[in-house]
Amino acid sequence: MREIIQSIKNLSIGFKSQDGREIAILKNISTSINRGETVGIVGESGSGKSTLALAMMGFSKQGLYPISGECIYKSKNLLDLSDRELEKIRGKQIAMIPQNAGQSLTPNLKIGYQVEETLKLHTKFDANERSIKITELLNKVRLPSPSIMAQRYPHELSGGQQQRVAIAMALAGNPDLLLLDEPTTGLDVTTQAHVLELLNEIAKDTKTSMVYVSHDLGAIAQVSHRVIVMYAGEIVLDGDVRQVLRSPLHPYAHGLLNSIPKLSLPGLPAAMPGTPPQPDENSKGCSFYERCELAINKCNSSKPELKSLSNSQTKVRCFRHDKLEEKELNKNVDLILPQNSNEKRVLNLDNISITYARQSILDQILNRFSDKNITVKDIDIDIKKGETIALVGESGSGKSTILKSIAGLLSIKEGQINFKEDINLSPDVRNRTNSQLRGIQLIFQNPDESLNPSHNVEEILSQPLKLYFGLNGKELKKNIIDLLKKVRLSEKYLYRYPRQLSGGEKQRIAVARAFAAKPDLILCDEVTSALDVSVQAAVLKLLQDLKNELGTTYIFVSHDLAVVRAISDRVAVLYQGRLCEIGPSSEVYKYPSHPYTEVLLGAVLEPDPDLKPKLAAEDIVEEKPPENGCSFQGRCPRVIGEKCFKETPPWQISNQGNAIRCHINIKDLLKNQS
Amino acid sequence: MKNTELETIEEKQISTFDRVSEVLIAIFSRPSGMIGFSIVILHIIIAIISPLIVPYDYKEINSLIMLKPPNETFFFGTDQLGRDVFTRTLMGGRIALFVTFFGTIIAIAWGGFVGIFCGLVGGKIDDIVMRIIDAFLAIPWILAMLLIVVILGTSTQVLIPALGFFYGKGIVRVARAATHDVIARDFIMAAKARGHGNFSIIWNELLPNVRDAIMVEGAMRWSWMLLAFSSLSFLGFGVSPPTPDWGLMISEGRGLMSFAYWSVIAPIVALSSLIIGINLSADAFAKALGIDRTQKAPV
Amino acid sequence: MFLLILKRLGLGLITIILVSVIIFTGVEVLPGDACTSFLEREAKGELLEICREKLGLNVPAIERYLTWSYNALNGDLGFSLSGQKPISEIISVRIRNSLVLAFTAIIIGIPLAIILGIITALWRDKLPDIFISTIAIFSMTIPEFISATILILVVAIWLNWLPGIVIVSSNTTILELLPNIILPVIAISMVMTAHMLRMVRSNIIQVLSSDYVQMAKLKGVPYWKMVFVHVLPNGLLPAINIIALTIAWLLGGVVVTEVVFNYPGLGRLVIESISDRDLPVVQALALILALIYVGVNLTADLLTLLVNPRLRTLQIRK
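Chains as they are written, first to last, in my numbering: chain E, 1 to 674; chain D, 675 to 973; chain F, 974 to 1291.
It is worth saying that the hints were derived from the structure and are not from the lab.
C-beta atoms are modelled at their ideal positions from N, C-alpha and C, and glycine is treated no differently.
Where hints are given, some of them may not hold.
Stated by the list, open to error - A short, non-exhaustive set of chain D residues, derived as facing chain E with CB atoms under 8 Å:
{"hint": "1", "residue": "Pro-729"}
{"hint": "2", "residue": "Met-863"}
{"hint": "3", "residue": "Ala-864"}
{"hint": "4", "residue": "Gly-869"}
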């Protein structure tokens, strides 16, 4: 029997609603964490996973309070302890690494002080020992030049560095149990892979138990020994990581895994129908009943218990889990059909450059602009009707900037945007004709921002219809209802305001608004990254269906390579505003030729514990592109010499049809890959 | 994504009422909003109907009944000229409410317009206008008001635009800040990308979202304006006797309050209750619309 | 950072210049001039001429503005018509008196507001908060002349603890002045404290709900240490500017309070000079009050610059 660090018994946490009812958002949680074990807790937003992690420190967010149950640490119930007693445990025996380190570091205190604070509180070191220890800790989390770092304020660090500081802070007390609340969400792919690797190493070194809370099964798979799946405030599945991720025995976990786009699997992931129940909806039966394919009458009338399976460690909350064993995982629904290359051109980006930097007065007079540090440079892309081309890259790669220029919201400095066969698009949206405007529509990342909060759905959708087609009265209404149907929403949504819609519904309205214009080309800017995985799959499917139906062309910008893999025909990889590689998705993902593509793809986390990310390049944040040479020179693991720093690399085309921009011969590039 | 879990819960609790009734319900669901609104409405009703219901003539002087304490015939007693304090208190808010109400409308109109305009155009024009607004803020309101009143007189035709102008400055700032917040958001970008004209973007996308902030600020300005108006009366630079006005009544009764406190207590309670009522309503209004009023200085 | 300070100074200067222009044109565009207003409309030709001569009203407005501002820069604010003395002489005593009042009010008001603001924020929606916040709303909204009148009625007349009206001439020494300022100071600091405490409260509440305060709790930082190290510096920082604006704004209220208590400060001078239609004094007063306003705001800006690491480091490293 392994030593139990913390055990949670029948824990329920909730809040008082306005009408005085007690509403639980965690329901009867019982589980335990063993010494040296890393437990991943996974669930979508609203599943209660963060609340559970905080409860393990005896903490509830404002407005929430424990209704019943206990969190037992060293035979004491944390929920009953006084603040004084908790202060001794928090940071010392149980430490937390928060989601958004940037906001979790006190802005007016230096990094060094914030790390030292924990040491002061929880160790007996004197000042000298403490400063040695700080350096040691900052070294351990691989922050460059710790003594300088310690003198910095949080806002002077990059996101990845802030996250490392938070880790150092948590490690300072040498805790038995480390709680991590979405520690890598919001970081770039490569940074995320590095942080996870660091965490794994720490876990191995210190034998600390960890609880890793995340919505991202990919990250969970990399660090966890055991996985707990939460749904609507309940544990629905608890078992060994391989067991849970390879053959999930709960229909929700099964659906969740299926709805994740994977690199190894082309085509669209299967979407899960419906939305999770709200905490105040009290049903007698299983909380997943509404969305479950396997549900029978019994599931609606009585609640399944979390039961251990006889032949393994796995616990599952389902009456019909045995039916799942036969169901196959990883079956994607529709494969994207290969595109006919004879289609006409929809858009052509001819050598465009964009800069945010303001010109100096001299340059303005001479009507030239300086070549240095141009945000986006030399972009040459041809887009054919009916294809989906993806622009991928990390933050700062200029992918959204390019979209804005196509939409005419940001002027290009050089080059030309050509629409359809022969229309020369003005760089300024105000100089474009009605039909040009109608032809290009934009969908934004966050529907909360892109939908006017003071308009209802009818008003939102009538805007483009009135503007482009001059519709009004009955015809307008009929068109709006048709649009709603197109995005699989019913008529009853007409008079709702954005705040009365769920995230997925809002994004559907945004999609409907774009399609209202009957456009030739839709620009999608990270359209699924604000959504939960299961909702994301549904929105991706909607976009694909609409494309098949109407023959629309998409330019799809995303940082998520797996999503891009699922939806795109062609992919263009960008680094620091420069194209690195462009080619058919199937080829780029199979034979990533450019060193950056290789690094990027290597860092992607798959929901499989045995597929480890490859960390090829250093994780440095570059603030601006280099003035000369290859854009990736600063981080490239394969720099071959002076050439890389001095000369802009040439385009090379492989036999598979992908074009890359690198000084290394394309054949050598492919050969040297592992 | 902090507080995600709590937010999703609250989201659900909003039912499908339209905006206006939603805000009204939010205001009346707070005791402070309920009390504040009732007080303000009561005051407005009294101001409108008081000439019909008062028991005596407000300007009738009777030397026989000077400074009588409250009794059955004179509920609030009489003042130094033998006038009924009850009558004068009921009617004492009429001019104040009239002037400040229209003053507020003027303040909202010009302040909102200039603020949104500056927020939109930005650049040099914005800089210049904001400098001038700043300079006006640097002159104490009372000095400016006194100067205007002394030279142009105290008629309502002078007071309404003067107060409206002086209290519009704060609205300019609020409207400008709100405009800046809104135009940075994606839905404005979306409208631009669709190719809507400037007017359509301002009218359809911007105004509905700036409106709330301006309305709350306007409500707040109303109470400051009342304060300014009564201060002027109190100092002897506002409405002239024998017009019933709370500020004036307090000023007149002040010298005698050591033995006739009733002649000041009634107008004090009346004026204070109105100002507090407006403030409580403005607070409740702001909270109902999700605006944090207390973050702002009273300029 | 040096550049930033320079920029703020420049902006303050522009404001002052603008104020002087506004005041000057304000007085200029109004019907009549300083002499006709002072001597009333029916003033006889000869008297008017002497007066105009004395004030130099016979030269063009722009020229007068320039001389006026030039003299003002040299400390000469002009000549008072009613007092028949140089304005600077009249004003300097009054400024001293007003400063005594304002400083006492600020010295009591700011710490009180901060302490009460912290208490109300930390015990949010509990009894101390409800109690203090309710009182704050009352003292904030009730006009100064009402609270002053009530104070006199209750403390001076009914309880007979303190003199209600200040009966000193403007030239008394500070020591003689002190016992007389108790009631005026209470009246002013009540309003001021109420305003500031509400802002401090909401700022601190915001900080209390921040991720970094939650993180400090989860690090095991003891409650009061957390309050002093993590909460207050960040919660009070944005309050500095707002407090400055409040102080400057309350200058208007000080005028009324001084009149109620018959206190010989700048505020009463404002009323006196306006009643006398002594426009040169009004001009000078407006300029001085604007200077105070700009000065207070500038101080707040510089203070923020000094204590906010974000602003401080931004300027150094860029």
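Consistency of the hints with the structure:
1. Pro-729: Check failed: Cβ of Pro-729/D comes no nearer than 46 Å to chain E, outside 8 Å.
2. Met-863: For Met-863/D, the interface hint holds, since the closest Cβ of chain E sits about 6 Å away, which is under 8 Å.
3. Ala-864: 5 Å, holds
4. Gly-869: 4 Å, holds
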